[in-house]
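*Asks:* Chain by chain, the residues:
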Amino acid sequence: MGKTLAEKVWDAHVVRKGEGEGANAQPDLLFIDLHLVHEVTSPQAFEGLRLAGRPLRRVDLTIATEDHNTPTLDIDKPIADLTSRTQIETLRANCREFGVRLHSLGDKEQGIVHVVGPQLGLTQPGMTVVCGDSHTSTHGAFGALAMGIGTSEVEHVMATQTLSLKPFKTMAINVEGTLRPGVTAKDIILAVIAKIGTGGGQGYVLEYRGSAIRALSMDARMTICNMSIEAGARAGMVAPDQTTYDYMEGRPHAPEGADWDAAVEYWNTLHTDADATFDVEVDLDADTLEPFVTWGTNPGQGVSLSSKVPSPEDFGDENAKAAAERALQYMGLEAGTPMKDIRVDTVFLGSCTNSRIEDLRVAADIIRGREKDPKVRMLVVPGSARVRLEAEAEGLDKVFKEFGAEWRFAGCSMCLGMNPDQLEPGERCASTSNRNFEGRQGKGGRTHLVSPVVAAATAVRGTLSSPSDLESAAAGTLTGIAV
Amino acid sequence: MEAFTTHTGIGVPLRQSNVDTDQIIPAVYLKRITRTGFEDALFAAWRKDESFILNQAPFNAGSVLVAGPDFGTGSSREHAVWALKDYGFKAVLSSRFADIFRGNSGKQGLLAAQVAQDDIELIWKVLENHPGTEVKVDLVSKTVECGNIVAPFDIDDYTRWRLLEGLDDIGLTLQHEEDITAYEATRPSFKPKTLPAKVDAG
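Chains as they are written, first to last, in the numbering used here: chain Z, 10 to 492; chain D, 3 to 204.
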């Protein structure tokens, strides 16, 4: 019988097969091709190595960036928050001591770890990629097996370049059809999470398949794989194809010459065989999909933007009902309110989910020549210093600034508010990030997860909006003039 | 890691599903560079509310957390496990755990015991009707006891064995260092290396 993509990548990395069969089997020992490191989940791991007198086994497969704590203003000044500064300085000292390549604040390659890896060409098909960050699933967009790990595992990878893992089950997410204008990769993944739930993917690797996935760019595939963890899956994957190779070719660490040819020959084998079977298959119709937004406090609590805030009574399960009640209270929402009537205070365009150059381009296209709702503040935070430079070369920074948005330096920023970019209690935000948990963007802050185009349209109107709402508003104005 | 065989302590009913790691420990507490001292950070936002269960005796002295489904979702932060341990929790019972949280628990000697939701509901009732009731978690027999209830729990055999023996993961793996070296010798040359660093000229 054939193998799935995930099984092929897994099998190619087994250093030592676990003894035993089935539920009693010991875990396999897997080799890790790339270890990404940042300041938050690494200090205790470096300390562990130091205490045990162990070296970092493969510094040539390890790279670090500063992202979670970094300020997005005044980056040339010392970091004001002392604990943040200490954590960054600890990373710098650790990288110096162990010989790890580090891209620090101010460096052209600094940025969110999941934006930096792919952009340097370090993320490639068929690799195993790990990082002490759950959104490592992002790199699965290249056909890599990529997953978030805890700090003990970070230390384990540093010491051994391997991880002990039990095989995952496999789940196919089949997305067939063509997305309508204004509907994006973000809407696909929010709809998937609403469908299977925040625990639906636990124990699985997801493989996103179908014509709608094949039609997506790499930036869009990364958005989808990024949020696999929000469905409970540690990893999500897309089989590599010409779109992948076109993205990779010429990047600093992409193979060259004969290595490139050998790599492509191997990458071409990285697809699920026709006779392979998945443990579970889930279908989603791209043709009928609408822009999707969340109303609650977990990423599974989402609906179409054109619908209404649900009532707890809509949920059969007692736990889901109680969760909905609690979420509505926290979010300050009443059941039955049209989603499009919800007014926001802030729009955040950024995070490892949606801060790549295409995300900035599509948002800029919508706001170009329009005015921002004066009551809304908008923060635009490119995913990396390089994305910021690229956007500036295209003049996107001017579009955002003329619109009245704040154009910031790269980092995780308001996705989790470890730096000064936070919501105030009660402040409501349309955010292109990945988690709408209580207090995630600042204590008492209220988050609605949206796509970049919905974020942009919302900044224009002040209420949750899709780009098509802008067109009809413009059409209405024109009719008014004609009359 | 300290070995775990059985533990008996006051049960804390947390009637909530989807307790994500941002709730277990908010991001602001992740700036520390130590592995201990996170007890004040556990459920920091919720503990500001006086009616929160951990603000009430005898639950504030609890050591077995009994939570709703999908416990530990979201971020990979192992700080969530450290905070639970530092507060004094030895075991968490839930009908479903997020994968990364479950893995982190196993590395740190916090027992994540998967108990059927029906049994969780029964245990909740006992703990709510008789605050201070102790829960016994027995890793040898894979059962939990609370009042008259005896319920089985699931945990994978490998994690169970490591917890029972108190084994260090890295030490176990390094016993197979020859296998790692042999694997490394077979990696194709097209696989990327981070060093020497290559960057765009621009």
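Bear in mind the hints are in silico, worked out from the structure with no lab data behind them.
Be careful, since some hints might not be right.
As the list claims (entries may be wrong) - Not the full set, but computed from the structure, chain Z residues with beta-carbon under 10 Å of chain D: (1) 23; (2) 172; (3) 320.
Yeah, the Cβ is synthetic: ideal placement off N, Cα and C, and Gly gets one too.
*Asks:* Do the numbers back the hint for residue 23(Z), that is, is its least Cβ distance to chain D under 10 Å?
*Replies:* This hint holds: residue 23(Z) lies near chain D, its Cβ roughly 8 Å from the closest one there, short of 10 Å.
*Asks:* Would the hint on residue 172(Z) stand, with a C-beta cut-off of 10 Å toward chain D?
*Replies:* At about 9 Å, which falls below the 10 Å cut-off, the nearest Cβ of chain D leaves the hint on residue 172(Z) intact, so it holds.
*Asks:* Does the nearest C-beta of chain D fall within a distance shorter than 10 Å of the C-beta of residue 320(Z)?
*Replies:* violated (18 Å)
Consistency with the previously given hints fails for number 3 only.
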